[in-house]
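Enquirer: Chains as they are written, first to last, in the working numbering: chain X, 60 to 299; chain C, 60 to 299; chain E, 1269 to 1489; chain V, 7 to 223; chain R, 8 to 254.
If you're looking for bench data, these hints aren't it; they were derived computationally from the structure.
Misleading hints may appear alongside valid ones.
[Stated by the list, open to error] With a straight-line cut-off of 25 Å between C-alpha atoms, the simulated BS3-like cross-links for lysine-lysine are: (1) R:Lys92 with E:Lys1277; (2) C:Lys127 with C:Lys169; (3) X:Lys77 with X:Lys256; (4) V:Lys90 with E:Lys1473; (5) R:Lys92 with V:Lys88; (6) X:Lys137 with X:Lys127; (7) V:Lys88 with R:Lys9; (8) R:Lys183 with V:Lys90; (9) X:Lys169 with X:Lys127; (10) X:Lys169 with X:Lys188; (11) V:Lys90 with R:Lys195.
[Stated by the list, open to error] DEER-style ranges, computed between Cβ atoms: (12) V:Trp55 with C:Ile122: 44 to 54 Å; (13) C:Asp288 with X:Ala297: 54 to 64 Å; (14) X:Ala297 with C:Ala170: 16 to 26 Å; (15) X:His253 with C:Asp263: 30 to 40 Å; (16) E:Thr1327 with R:Gly242: 58 to 68 Å.
Note that beta-carbon positions come from the ideal geometry of N, C-alpha and C, so glycine has one too.
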Amino acid sequence: MIEIENVHKSFGSLEVLKGIDLTVDKGEVLTVIGGSGSGKSTLLTCINGLEPINGGRIVVDGIEVHAKSTDLNKLRQKIGIVFQQFNAFPHLTVLENVTLAPRKVLGMSKAQAEEVAVKQLTHVGLGDKLGVYPTRMSGGQQQRMAIARALAMSPSYMLFDEVTSALDPMLVGEVLDTLRMLASEGMTMICVTHEMKFAREVSDRVAFFHKGVMAEIAPPAELFGAPKDPELQKFLAATH
Amino acid sequence: MIEIENVHKSFGSLEVLKGIDLTVDKGEVLTVIGGSGSGKSTLLTCINGLEPINGGRIVVDGIEVHAKSTDLNKLRQKIGIVFQQFNAFPHLTVLENVTLAPRKVLGMSKAQAEEVAVKQLTHVGLGDKLGVYPTRMSGGQQQRMAIARALAMSPSYMLFDEVTSALDPMLVGEVLDTLRMLASEGMTMICVTHEMKFAREVSDRVAFFHKGVMAEIAPPAELFGAPKDPELQKFLAATH
Amino acid sequence: MFGYTFQWKQALARLPQMLDGALVTMQIAILSMVIGIVLAVLLTVFRRSGSRILGAIATTWVEVARNTPALFQIYMAHFGLASFGIHLSPYVSLLVGITFNNAGYLAENFRGALKAIPETQTRAGRSLGMSPLQAFRYIVMPQMLRIAFLPMTNQMVWAVLMTSLGVTVGMNTDLFGVTQALNALTFRTFELFAIAAVIFYLIVKVIQTAARLIAWRLFRY
Amino acid sequence: MFDTALTTADLLFLARGAGITIIVTLISVALGTALGIAFGVIRYQVGPWWAAPLTFVLDVFRSVPLLIQLVLANAFMGVVLKLKLSGFTIACGVLTMYTAAYCAEIVRGGIEAVPMTTRRAARSLGLTWRQDMTNIVMPLATRVALPSWIGLALGVMKDSALVYIVQVTELLKSTQILITRLQEPLFLLMICGAFYFLISFPLARLGGYLERRWSND
Amino acid sequence: DKLDDIIASGTLRCAVVLDFPPMGMRDDQNNPIGFDVDYCNDLAAALGVTAEIVETPFPERIPALMAGRVDVGVASTSDTLERAKTVGMSVPYYAFENAVVAREGVEMTNWEGMKGKTVGATAGTYEAIWLEGKVKEWGEGEFRPYQTQADVFLALSQGQLDATVSTVEVANANVKSGNFPGIRVVDKAPMVPDYVALFTLREEYGLINYLNLFVNQQVRTGRYAELYTKWVGEGEPADLTVNGVYR
Ligand SMILES: Nc1ncnc2c1ncn2[C@@H]1O[C@H](COP(=O)(O)OP(=O)(O)OP(=O)(O)O)[C@@H](O)[C@H]1O
Ligand SMILES: Nc1ncnc2c1ncn2[C@@H]1O[C@H](COP(=O)(O)OP(=O)(O)OP(=O)(O)O)[C@@H](O)[C@H]1O
Ligand SMILES: [Mg+2]
Ligand SMILES: [Mg+2]
């Protein structure tokens, strides 16, 4: 369970998160939508402790992320995250990209790590690309590899930050299908996305961010069908 | 009038244009559509003599482009061309970008050239950007500057090669509006584009290229309404 | 034709000695590169560490190495350090001087290369649970070395050429030292140094070819 | 701080050495750059095949230690050709070619860094090859090349320390002469090093600044 | 020929080694002085021209001549047969004996004490060639050639070297000068006296003849002894003739 309580976050004098309260239950799929600069990405990087916060607390499975005593490297193994930029490690093959963290962080043997990696890569449909370098692959394939790479650490939670935004329109589908598959398998997920159709179909709840505030949160039917917040109404009108 | 007769063009062993026949009349707006690699760009660069051809001939206002005796620098003054990449000269201000060729090629005085430049820049809506460096402008503005730069040579023909493809979707409109304006003023134009809506509205005729062959050419209503070529049908199905 | 009689035969008779010298030259160049790379990585880490002292040390090193003549650095390693009671043999002085120079230039190259690697790469590594050091070691450094590979090759070439400066600190076993010693004996300056020039040229070509092969083997992405 | 026997006359002596260093550098860099630009443009223009001999010669200047180049030029001009050139002339001549060899590379890199599409745009406006070269390529290539060129000029200044071998008493040699007499190696070497540093460092910084500034747009 | 050229040009350019006291050095205005400098001046005066001193490190003496940078060498150059293949030597104008100089604190009572030590000398000199040969013969210790005589003594006083061999004159001058603290003369080196000659281009017989006569005149007129007293000190200058053979 991810519990976010009154989280504040500023970059210098710019307050990016202005007191966010949110709880994500095991097995839930939460989608986050909102305009550019509303703080969506920042929230995700705070959840896995890549960014410090200025107030409030975030608790993942009972562990407070920003407590001094928390071993962040350990915590992050629980929380997979995939970014808009594919962030493939260009100097490693697909297989090596995926086995690197299990071997170096979890201390798996090469054989063990490869077994896990092949399983996850096959899962996302890249079972035939093991020896290929990422730069030889399409953006969609790179992004699916990034997902497999995160999954190889057997995380309890997955965070997705606009994973389709940097993709050619032709390639968006294959990545969204991968996310759908994960959702159907019961993975707990927070997905920041601009794909409204996807949000509507897959999410248990949808949260709308506006200027650092979570302006509305509701099941998709309700949020899209009867938006209450005036900013959300504007936002939906513009994106439809 | 641009007359293209049985033009063949190869890069090494790759035949890119396999005998193109086409005539563009004064005042006509011709749009060229087609898949990637079908030879559209190559045709344009052959028309203004940037590329040599391997067979056939291209005649512009009675002058054969690829004849040895032709003064290409002179001919190119007649034919403005704008590319997908904006190709602004980054070391010159907007005004200097536009006055350069009139001064160096046409031998205009600085004052004369600036008068022409200001007129064209105002025409494309950049009258307030004269002293700005192109790198400080949006892609759409840079592309409109490139159009003004070509227009400042008072060309009889304008060739546009996917001038909106490298633009942010938000900025496509302003450039297309500029093209529409030129068309309405009676400029003879060949536009390579992927913007079907634009092609339908503005063109007198639309040509469809496929693998180095002009597979179909017809007025937009006919070509989009009742495509005959099976490849064109496929192409239109994919892009709609 | 020139009013000067070339005596190539005599000079060529010395070729074996000169080739021995070439081996020493190669040895110094390779050692100075290997140690130089290690030091340059350290200096790079120092400069990014955020520590004022480490940063100042690294910056001073890099700037002095890049802004004074290599000959000066080698002379300093021998006669300058001796003023502090540190006595280095000519071989070690030359090695120290060139290594100091290599490390400074390479550290600057590495810094440039690091700038070309997006911060998001480190982030991606960190979010997989890697420590900062692991992220640097497994993700950033390999990419940095690739970008800096060509400058590294050039530095290696310079290291070879710099060995010629060893004569000023009493070095007589490297290619230039051997040639200079033979020159002092026989004064067939032109012939001897022409041969040395050819050997140096060939060494440089071998290095460049080897670098190309290594790059091709190593960087297949 | 230092208890030294250094006199004003000695300082003047050092200053004269420094002056020689600077003059040799200025001459070589000026001539070498002019030659280098010519070589660079020729190499780019005639294509790799025709440029091969030139490429080879320039490559030799980059692959043989400067000391050997100086010794050989000295021996060749004097012994073989029997030309009575001063050491200063030989030093400037060799350093000029040395500069030109590196400069040609920099120029070629600069020209190649100008996007082909930009040059096409210029040509399609009717500009001739010359006009394209002077109005578009040169200004843009200069931006790319200037930082490396500054680096090269400073490199030549530092390498000019080697011209002592043809009996030119530049800064480092002057320092050695004083060390012989005064036996204060560390102090004198520090002065010498500081001189190089004070000239090189600000210019190197300027190069870095220009590089950063121009790579932004 | 060269002799005419020198007279016509009005200057005589001499290669002199200026870190080789008392033969060549600099005064505190950094002007060249010493035995060789005076000798060059005498030669110029005899020719009726002005002298120009060109400083050359030891290894560069002959290249400077070959490159046409100097007309003659007055540079304490040993007249080895190897070198005579390249340049023309006059009769000897001076003869050195060599001394072993060691650093204080290095145990050494005679020249054989150098065995197994780190020794050095000026690259390309007579004594360097001898010393390197000895080190090879001993099969232990290390030999380091430096480019200048000054660097050798600097290295010796800094402790980089344990001992060196240099001409008695140089050794005494350096020990006396106090510039190099902590060095002492240990012993004479058991070498044949190091005869040094003026040199010029091999084919310039006219000039070589002139040089030979000039050396002869210097001895005859007592100028040789005078210069010896001025630069080296009291005592007899070395005999420049060899018993039992002409030349
Ligand atoms: N490292 C940083 N330093 C300073 N400001 C930052 C930093 N990261 C983000 N910001 C600022 O914080 C604000 C929120 O950024 P964030 O990336 O969270 O928005 P977002 O909702 O993800 O937007 P988008 O849809 O564009 O990705 C923005 O104004 C951004 O400029
Ligand atoms: N300079 C060149 N050298 C070699 N091949 C080239 C060159 N320019 C184009 N080609 C090849 O010619 C073919 C046609 O290219 P062209 O750019 O004309 O296609 P296009 O129809 O404009 O495609 P797109 O929509 O992608 O711009 C392509 O296969 C391309 O790879
Ligand atoms: Mg974001
Ligand atoms: Mg195209």
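Enquirer: Each hint needs a verdict: does it hold in this structure or not?
Expert: Results of checking the hints against the structure:
Under the criterion of a C-alpha separation no larger than 25 Å, the hint pairing lysine 92 of chain R with lysine 1277 of chain E is consistent with the structure, at around 14 Å. Taking the CA atoms of lysine 127 of chain C and lysine 169 of chain C, the gap is about 33 Å. The hint is violated against a cut of 25 Å. A C-alpha spacing of about 28 Å is found between lysine 77 of chain X and lysine 256 of chain X, which places the hinted pair above 25 Å, so the restraint is violated. Note on lysine 90 of chain V and lysine 1473 of chain E: the hinted pairing is violated, with a Cα-Cα distance of about 34 Å set against a maximum of 25 Å.
Between lysine 92 of chain R and lysine 88 of chain V, the direct Cα distance comes to roughly 18 Å. Compliance with the 25 Å bound is thereby established for this hinted pair. Between lysine 137 of chain X and lysine 127 of chain X the CA atoms are separated by roughly 18 Å; this keeps the pair inside 25 Å, and the hint holds. With a C-alpha separation of about 13 Å, the suggested pair lysine 88 of chain V and lysine 9 of chain R falls inside the 25 Å cut-off, and the hint holds. A C-alpha spacing of about 41 Å is found between lysine 183 of chain R and lysine 90 of chain V, which places the hinted pair above 25 Å, so the restraint is violated.
With a C-alpha separation of about 33 Å, the suggested pairing of lysine 169 of chain X with lysine 127 of chain X is violated against the 25 Å cut-off. Note on lysine 169 of chain X and lysine 188 of chain X: the hinted pairing holds, with a Cα-Cα distance of about 18 Å set against a maximum of 25 Å. A hinted pair counts as satisfied when its Cα atoms are at most 25 Å apart, and lysine 90 of chain V with lysine 195 of chain R does not qualify at roughly 42 Å. At roughly 34 Å, the beta carbons of tryptophan 55 of chain V and isoleucine 122 of chain C sit outside the given window of 44 to 54 Å.
Checking the proposed 54 to 64 Å range against aspartate 288 of chain C and alanine 297 of chain X shows it is violated: the Cβ atoms sit about 38 Å from each other. In this structure, alanine 297 of chain X and alanine 170 of chain C break the distance hint of 16 to 26 Å, their C-beta atoms being roughly 47 Å apart. Hint check: histidine 253 of chain X to aspartate 263 of chain C, Cβ distance near 38 Å, so the stated range 30 to 40 Å holds. A beta carbon spacing of about 59 Å between threonine 1327 of chain E and glycine 242 of chain R agrees with the range 58 to 68 Å that was offered as a hint.
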